[in-house]
Amino acid sequence: DVKVTQSSRYLVKRTGEKVFLECVQDMDHENMFWYRQDPGLGLRLIYFSYDVKMKEKGDIPEGYSVSREKKERFSLILESASTNQTSMYLCASSFITAGAYTDTQYFGPGTRLTVL
Amino acid sequence: QKEVEQNSGPLSVPEGAIASLNCTYSDRGSQSFFWYRQYSGKSPELIMSIYSNGDKEDGRFTAQLNKASQYVSLLIRDSQPSDSATYLCAVKATGGYNKLIFGAGTRLAVHP
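From first to last, the protein sequence lines stand for chains A and B.
According to our numbering, the first sequence is numbered sequentially starting from 1.
According to our numbering, the second sequence is numbered sequentially starting from 1.
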């Protein structure tokens with residue numbers, strides 16, 4: 001079974017703090033993704049990575065950065081947390097595929113972040 | 001902007017009925033399609049993937065794909081209260097990488 005874990009289920013931070021969200025997968029997946037999910041807006045892609053030290057911006061990268069130093073670990077960093085970053089953050093991973101087809105993404109349990 | 005559209009619901013069906021969930025997508029080149037189920041407060045879990053036109057059945061679930069109409073659906077037969085959840089449609093984005101574009105989800109409520 002694929003296992004994707006995230007460092008915290010719930011997190012409360014103050015405006016301006018630097019926040020680290022960690023994600024680890026144990027299936028040797030090349031791809032890793034960070035999403036945020038807000039009511040009525042669905043899942044929105046923040047950043048993704050297809051290899052160690054490689055990263056690509058998603059649809060809403062502003063205010064976030066990422067780090068992938070090891071294949072199994074993908075970190076999301078909020079450089080200076082703001083209240084509009086209060087959300088559910090979901091990490092996912094998948095095998096890399098070429099061409100038109102893509103493999104399933106498997107999700108971690110999510111981190112509910114509240115910024116006060 | 002490539003889009004995936006779903007009716008937000010709630011779709012309310014009686015126990016034992018067939019629930020029909022629909023999804024349309026704008027990118028004609030898409031080739032990979034997924035249905036995820038998400039219970040309240042939990043993360044999405046994969047139900048079905050479909051890559052070819054036609055139907056794909058797995059237990060009580062059937063995914064239907066019509067690429068010409070850019071339409072994918074999920075049928076749940078013999079709906080159970082435990083099927084009550086939000087169902088997310090996801091489509092692979094064309095243009096490289098393995099990104100998925102998610103719809104906002106349809107909330108399904110199965111009542112006894």
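Simulated from the structure, these hints should not be mistaken for laboratory data.
Computed from a prediction, not measured in an experiment: that's the story for all the values here.
Accuracy of the hints is not assured; some may be wrong.
To be verified - Below 20 Å or equal to it, Euclidean Cα-Cα: the simulated DMTMM-like pairs (lysine to aspartate or glutamate) are: (1) A:Lys18 to A:Glu69; (2) A:Lys3 to B:Glu45; (3) A:Lys71 to A:Glu56; (4) A:Lys57 to A:Glu22; (5) B:Lys42 to A:Glu69; (6) A:Lys3 to A:Glu30; (7) B:Lys42 to B:Asp78; (8) B:Lys42 to A:Asp38; (9) B:Lys56 to A:Glu56; (10) A:Lys57 to B:Glu57; (11) A:Lys71 to A:Asp26; (12) B:Lys42 to A:Glu56; (13) A:Lys57 to A:Asp38; (14) A:Lys3 to A:Asp51; (15) A:Lys53 to A:Asp26; (16) A:Lys70 to A:Glu30; (17) B:Lys42 to B:Glu57; (18) B:Lys67 to A:Asp103; (19) B:Lys67 to B:Glu45; (20) A:Lys55 to A:Glu72; (21) A:Lys71 to A:Glu22.
So, going through the hints one by one against the coordinates:
1. A:Lys18 to A:Glu69: holds, 19 Å
2. A:Lys3 to B:Glu45: holds, 12 Å
3. A:Lys71 to A:Glu56: With Cα atoms ~15 Å apart, lysine 71 of chain A and glutamate 56 of chain A stay inside 20 Å; holds.
4. A:Lys57 to A:Glu22: Given that 20 Å is the threshold and the Cα spacing comes to 18 Å, the pair holds.
5. B:Lys42 to A:Glu69: violated, 28 Å
6. A:Lys3 to A:Glu30: holds, 14 Å
7. B:Lys42 to B:Asp78: Answer violated: lysine 42 of chain B to aspartate 78 of chain B is near 24 Å, above 20 Å.
8. B:Lys42 to A:Asp38: holds, 13 Å
9. B:Lys56 to A:Glu56: Given that 20 Å is the threshold and the Cα spacing comes to 33 Å, the pair is violated.
10. A:Lys57 to B:Glu57: Not OK: lysine 57 of chain A and glutamate 57 of chain B at ~35 Å, beyond 20 Å, violated.
11. A:Lys71 to A:Asp26: Distance ~10 Å between lysine 71 of chain A and aspartate 26 of chain A Cα, so the pair holds.
12. B:Lys42 to A:Glu56: Between lysine 42 of chain B and glutamate 56 of chain A the Cα gap is close to 26 Å, so the pair fails against 20 Å, i.e. violated.
13. A:Lys57 to A:Asp38: holds, 19 Å
14. A:Lys3 to A:Asp51: Given that 20 Å is the threshold and the Cα spacing comes to 18 Å, the pair holds.
15. A:Lys53 to A:Asp26: With a Cα-Cα distance of about 18 Å, the restraint between lysine 53 of chain A and aspartate 26 of chain A holds, given a limit of 20 Å.
16. A:Lys70 to A:Glu30: Judged against 20 Å, a Cα distance of about 10 Å means the pair holds.
17. B:Lys42 to B:Glu57: violated, 25 Å
18. B:Lys67 to A:Asp103: holds, 19 Å
19. B:Lys67 to B:Glu45: violated, 24 Å
20. A:Lys55 to A:Glu72: OK: lysine 55 of chain A and glutamate 72 of chain A at ~14 Å, within 20 Å.
21. A:Lys71 to A:Glu22: holds, 13 Å
The structure is inconsistent with the numbered hints 5, 7, 9, 10, 12, 17, 19, although it conforms to all the rest.
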